[in-house]
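*Asks:* Taking the hints into account, I'd like the entire structure generated from these sequences.
Taken in order, the sequence shown gives residues 2 to 139; the numbers are from the numbering used here.
Hints listed in this document are in silico derivations from the structure and should not be mistaken for laboratory results.
All figures in this text were calculated on a predicted structure; none of them were measured in a lab.
We put the beta carbon where it would ideally sit given N, CA and C, even for glycine.
Each hint should be verified, as a subset may be incorrect.
Unchecked claim - Simulated DEER-style distance windows between Cβ atoms:
(1) D124 x H75: 28 to 34 Å
(2) D60 x D16: 27 to 33 Å
(3) A74 x R37: 18 to 24 Å
(4) R63 x A32: 30 to 36 Å
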Amino acid sequence: MGLSDYDSVMRLLRDTPGICLREADTRAAVARYLTRNPGLSLVAEIEAEIVGCVMAGHDGRRGFLYHLAVMPAHRRRGLGRALVTACVSALRSQGIRKMHIDVLAGNVEGMAFWERLGWQRRDELRRFSFTAPCEEHA
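*Replies:* Right under this line is the structure:
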């Protein structure tokens, strides 16, 4: 995935139920992410159309996958699995052995997908988030 894919990827993500886009998904934020994690985020193309995507990166210790999506017409053909497998392989090549994905609580289809791939649901954890206030004039 390159920044030139941004518009197509965002369109796919906006059209995918169970995916939530936020301020962290602006073009500038995605550019920083891709620069910081080169070669780890991927797209799947069929006839020059992006039909799947996943973003991946790491903090040097743990890997994180975000925004896995495949167009409904192209699901159940192994594209999602192939994207995840490629990300896991790329992260492992950088010494990352444990990876995480956040799935919205209401995304039953998404949770079932990850469980089919052998990812383990972690009910003993609760994620806490903090968003710094915007300081336009700082």
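*Asks:* Next, verify each hint and record whether it holds.
*Replies:* Hint check:
A C-beta distance of roughly 31 Å is found between D124 and H75, which places it inside the suggested range of 28 to 34 Å. Taking the beta carbon of each, D60 and D16 are about 30 Å apart, inside 27 to 33 Å as hinted. At roughly 32 Å, the beta-carbon separation of A74 and R37 lies outside the given 18 to 24 Å, and the hint is violated. Checked against the given bound of 30 to 36 Å, the beta carbons of R63 and A32, roughly 23 Å apart, lie outside it.
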